[in-house]
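Enquirer: Sequence:
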Amino acid sequence: MSAAFRVPLRAFKLDPATVIGPTPTVSAVASSYRLVSKSLYSSLPSSRALVSSRAVRQCHPTLFAARRHCYSTRSSPLLAAKAQGQQDNGQAQSNSSQPRRKAVKYVVVGGALAVAAVAFSDQGKHAYRAAERSGRVVGTLAVCINDYRITLKQEASTPEEHEGLIRACHKRCAERTLRVLEQNGSIFIKLGQHLSSMGYLLPLEWTTTFIPLQDKCPVSSIESISEMFLADTGKTINELFTSFEPEPTGAASLAQVHIATLRETGQKVAVKVQHPALAEWVPLDLALTRFTFSMLKRFFPEYDLEWLSREMDLSLPQELDFRMEGENATRASEYFKAHSNVPLVIPKVMWSQKRILVMEFIAGRRPDDLEYLDANHIDRDEVSAALAHIFNEMIFGDNAPLHCDPHGGNIAIRPNPSRRNPNFDIILYDHGLYRNIPRDLRRNYAKLWLAVIDADVPRMREYARKVAGITDEQFPLFASAITGRDYSVLTKKNVVSSRTAEEKEDISGALGEGMLQQLVEMLGQVPRIILLILKTNDLTRSLDENLHTRQGPMRTFLILARYATRTVFEENMEFIRESGGILHFCNFFRFLRAWAGFLRIEVKLSIYETLLSLKSRLGLLNA
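According to the working numbering, the stretch in the sequence shown is residues 12 to 634, in order.
None of these hints come from the bench; they were simulated from the model. Heads up, a few of these hints could be off.
[Said to hold, decoys possible] Taking CB as the label site, the calculated pair distances span:
{"#": "1", "residue 1": "Arg450", "residue 2": "Val614", "range": "25 to 31 Å"}
{"#": "2", "residue 1": "Arg470", "residue 2": "Lys164", "range": "43 to 49 Å"}
{"#": "3", "residue 1": "Val230", "residue 2": "Ser254", "range": "17 to 23 Å"}
{"#": "4", "residue 1": "Arg334", "residue 2": "Ser254", "range": "46 to 52 Å"}
{"#": "5", "residue 1": "Val230", "residue 2": "Ala179", "range": "32 to 38 Å"}
{"#": "6", "residue 1": "Pro428", "residue 2": "Thr253", "range": "26 to 32 Å"}
{"#": "7", "residue 1": "Glu585", "residue 2": "Lys615", "range": "36 to 42 Å"}
{"#": "8", "residue 1": "Arg450", "residue 2": "Gly535", "range": "22 to 28 Å"}
Beta carbons are placed, not taken as given, at the ideal position from N, Cα and C, and that holds for glycine.
Produce the entire structure from the sequences given, and follow the hints as far as they go.
Expert: Listed below in structure tokens is the structure:
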């Protein structure tokens with residue numbers, strides 16, 4: 012990657028279309044540009060080339076003028092001295108010999124030809140495109156930072172006017188950023204998709220602007236896929252498959268899926284292939300992402316989002332290694348073989364390489380396709396319950412693997428006539444992002460949830476501190492984050508009720524009234540595994556709400572309570588075995604307490620599920 016930055020490059024440019032709104036003044040942008048460009052020097056190898064005069068001139072007129080303003084104000088005495096020296100030596104230079112001039116001319120022409128040769132070589136093209144990608148990010152970042160600095164300093168006559176100015180600035184900066192994400196592609200699309208789902212953290216103007224990225228995934232050509240197969244396997248597509256559909260059946264930010272037939276067995280398979288261009292740009296794009304969030308922290312220290320780039324640094328290399336995804340899928344499939352009551356299907360992996368994954372072809376429809384569910388007589392309440400069983404088993408099960416990206420595109424439903432209750436299968440795709448939850452953390456997390464369900468605030472605080480290091484001041488915000496509920500609801504033992512529109516507005520309003528800064532600070536402190544558990548909770552909660560179940564969240568909370576109680580019961584039984592067995596006097600009473608707590612939840616859930624089944628048979632549950 013460093014070779015891409017060793018020559019001055021013309022490609023450092025920012026499309027003027029990305030600068031929305033009034034063009035900022037030279038003096039206003041100068042300080043922002045100076046700090047951003049100086050920081051880029053230290054964050055990317057040999058990156059001084061990125062801000063060469065020719066490069067910046069093509070970026071944006073204001074940025075070039077800002078750069079010139081920065082350096083002219085600091086070095087005007089030196090320039091004046093240089094000009095005087097040039098004037099004094101003018102006569103001497105005019106008497107230079109003709110041979111020297113001719114030699115210089117030959118050197119210039121030869122150098123130009125050499126530069127042209129490099130520019131048209133693969134290395135030159137890569138360097139040009141690398142500087143172009145970097146220029147978009149750095150230029151837009153400087154303009155956005157300056158826009159926020161100007162907006163925050165503007166005086167407004169009313170709070171409403173001030174809020175309007177801030178919202179307009181959010182929108183302008185979001186639209187600039189969207190254009191850069193679309194133009195750079197690669198992992199920037201994935202980053203934008205992730206940001207679009209962070210409504211609990213980012214202003215509405217940012218999340219709604221990024222929504223189009225959910226459906227704007229790149230599609231790699233069949234020619235580039237063929238070249239990748241030959242490079243990675245030593246064989247052509249035709250040597251491996253009797254048929255290979257050139258058009259992908261699905262595409263995501265990192266990969267796309269083709270339907271094919273194996274030549275050896277004739278089996279129909281799904282072939283997941285990584286976008287070939289990713290390998291070239293991932294190191295640079297990750298560096299640019301780190302740089303962007305570090306600059307945002309530098310200018311706006313109260314909003315530290317560097318934990319996002321740290322998580323990308325950790326998770327993205329794993330997601331890009333399909334051999335690891337194959338291992339995760341196999342491990343999850345083996346784990347759930349012992350849980351035959353759970354209607355989970357994981358496609359079998361046939362073989363995998365770093366950028367290619369061949370697996371069993373199993374098709375289904377999205378879980379939020381309610382018309383499909385109704386047409387196939389699939390009870391959406393049962394789908395909700397099955398999803399709750401699957402992901403609570405992953406969180407609370409001993410040595411269970413946790414799938415950390417369970418959004419609607421990675422889950423499918425298909426009818427299964429051989430099953431009676433339930434009459435469907437849940438298909439789980441995309442096993443690139445998995446984590447293992449340490450046993451102590453899992454047990455404390457279970458106790459935290461039992462305290463939440465019982466509205467036991469002192470115990471909630473105790474286990475929030477053990478799970479994530481949460482202070483008493485941060486606790487109300489953390490409790491709302493893990494449950495998706497307003498804190499006042501949690502203290503009234505009403506967490507199992509449905510969320511009302513008023514409650515959602517209260518949560519959004521609280522973020523707008525100053526809690527956002529606290530949330531950003533808290534998320535930067537908690538362990539990474541907690542961030543992924545929160546993400547999984549948020550995605551599964553969204554799936555459940557999109558199903559529009561008739562039973563509300565009561566059943567899913569009781570299912571969660573069952574798994575949490577089982578985890579605590581198993582911990583107590585382990586302690587009893589290690590401290591003399593159940594016949595020991597104290598251990599016998601410990602066993603009775605643990606069994607009573609477990610039985611209480613089991614009886615509750617059994618009664619509730621029986622009532623639901625009875626209502627369904629009597630037609631008392633309305634869609």
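Enquirer: All hints are to be evaluated individually against the structure, with a verdict given for each.
Expert: Hint by hint, here is what the structure shows:
no.	hint	in the structure
1	Arg450 to Val614: 25 to 31 Å	holds, 27 Å
2	Arg470 to Lys164: 43 to 49 Å	holds, 46 Å
3	Val230 to Ser254: 17 to 23 Å	holds, 19 Å
4	Arg334 to Ser254: 46 to 52 Å	violated, 25 Å
5	Val230 to Ala179: 32 to 38 Å	holds, 35 Å
6	Pro428 to Thr253: 26 to 32 Å	holds, 30 Å
7	Glu585 to Lys615: 36 to 42 Å	violated, 25 Å
8	Arg450 to Gly535: 22 to 28 Å	holds, 26 Å
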